[in-house]
Amino acid sequence: MMDKMIFGRYVPADSMIHKMDPRSKLLIIFLFVCIIFLANNAATYALIGIYTFYMLGLSRVPVRFLYGGLKPVIWLVLFTLVLQLFFTKEGALLYQLGPVKIYEEGVRQGIFISLRFFFLILMTSLLTLTTTPIEITDGLETLLHPLKRVRFPVHEMALMMSISLRFIPTLMQETDKIMKAQIARGVEFASGPFKERIKAVIPLLIPLFVSSFKRAEELAIAMEARGYRGGEGRTKYRELSWKNADSLQMALLVLLTILLFLLRS
Amino acid sequence: MDISLKHVDYRYQANTPFERLAIEDVSIDIPSGVYMAIIGHTGSGKSTVLQHLNALLQPTKGSVTIGNHEIKALQKNKNLKTIRQKVGIVFQFPEHQLFEETVEKDIIFGPLNFGVSETEAKERARIALEQVGLGEEILDKSPFDLSGGQMRRVAIAGVLAMEPDVIVLDEPTAGLDPRGRKEVMDMFYSLHKERNLSTILVTHSMEDAARYADQIVIMQQGKVVKKGTPNEIFSAPVELVEMGLDVPEVVRFQLKLEDKLGFKLEKIFLTIEELSTAVTKELSRGVRL
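Heads up: the sequence lines are chains A and B, in that order. Counting in this note's numbering, the first sequence tops out at residue 301, every number present. Counting in this note's numbering, the second sequence tops out at residue 371, every number present.
Take the hints with a grain of salt, since some may be wrong.
[Said to hold, decoys possible] Some, not all, of what chain A presents toward chain B, calculated at C-beta under 8 Å:
1) Ile238
2) Ser247
3) Ser248
What the hints contain is simulated information worked out from the structure, not anything from laboratory work. Here a beta-carbon is modelled for each residue, glycine too, at the ideal position from N, C-alpha and C.
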């Protein structure tokens, strides 16, 4: 059952996007999330669409995985579309059925906002699909480094993030194992009345808690035994390197921003 | 209850880039009452085979027959619960599955799930606890206050209390000290004899397989490479070594001894006792030291 979870998962491939520095990818995604709000007419949305699909193409991630990322949020997108359709009351009246009125502006807004959602999700899943969690953490740590000045515990945050990311697969395996052990003891996780199913979670959660706490303690001891004492003076094994592709992609994004400013109404 | 696997394939994460064929064309017959050992290295697919034995996994190709249930690839299955009551699995590190407040509650958890009455289940808990060699006084303790070895025994008792016809053991002695190891293995063996259980032991220990099993299946890279009785399997020890597998210490000793002393005993012996008698006999016939 855990096998099918593809959402938010790294898909290895040999592409330009995969090879980019995580810092530039994070920056691009962050800026993309900002500039997508510049789009307000057909031309600008088309431009953003072209950019998104160009990036997706560069990444060589199979469409299947993108679909996997979209599936959980498709209802949210549809919901906003419907909301916009029925509750925007501007522009010419297009259609009327009893008390339900659909206006031109509603259709326009609905489509635009759904598209915005759609592009945002595609771009953010592109980040997790092409960047390993460790790279993302490294990238974030370096980008957030200036915050150290204001005593923000950047290193500790990054460490926490990488530890939790590191233990997701372990925890999933553990869940799978304990689930199977309890199924073998007659628990039914997937069928039966709702109340029973809620109760069935207890024999799964308690062993998971117990083993997580144990593991956390063991990890802490192991880290101390190897002389870990926080981020002070700590060097890195994986060094990040900014390549030509990164500068190129940043330039492309700047170009996109300029074009958006020119084309927006 | 007979179990048989026919040409079973299992693929993990089918249709993703992470797809992996775990077992391929595995056919094993496990007749009622047999003690079978499935041996292989880590990653040989033995644990995957184990999970087919009570329908925790459904084959991606082929079929598994458990009693009168047949589980085929790509088919919805019903009434798996009856299978699971008949086939008890003791997973690796079974103490990880403990969760109740008291030992008693944890042991009766399985039986209650299969519809046994509470008084009956409590009676079974007492019997199971005795079988695993623990006293009644721990029934009211929290399982998390016990020692590692005791926790393991409680978890095993929880499976025994389901009164299965077939018991599947996945490395039941992993992480135990040599004495605990022998105690646990001997306990399963006497249960196997007393209750006429079918026992399937998944292990990488050739010693245990040679000592307890009636039949041995050797797996390598997802395939069954050898099947037979311990005598058949270990009669060609050199072949096993060439396959990168271990042979029991007794056999290794016999081979070295034969090599050193320049004689050949009439067959390969699997226990120290048999071997020592044979060696004494050979030596008293004509001393060539």
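Here is how each hint holds up against the structure:
1. Ile238: Check passed: Cβ of Ile238 of chain A comes within 7 Å of chain B, closer than 8 Å.
2. Ser247: Interface hint status for Ser247 of chain A: holds (6 Å vs cutoff 8 Å).
3. Ser248: violated, 11 Å
Taken one by one, the earlier hints fail for this structure only at number 3.
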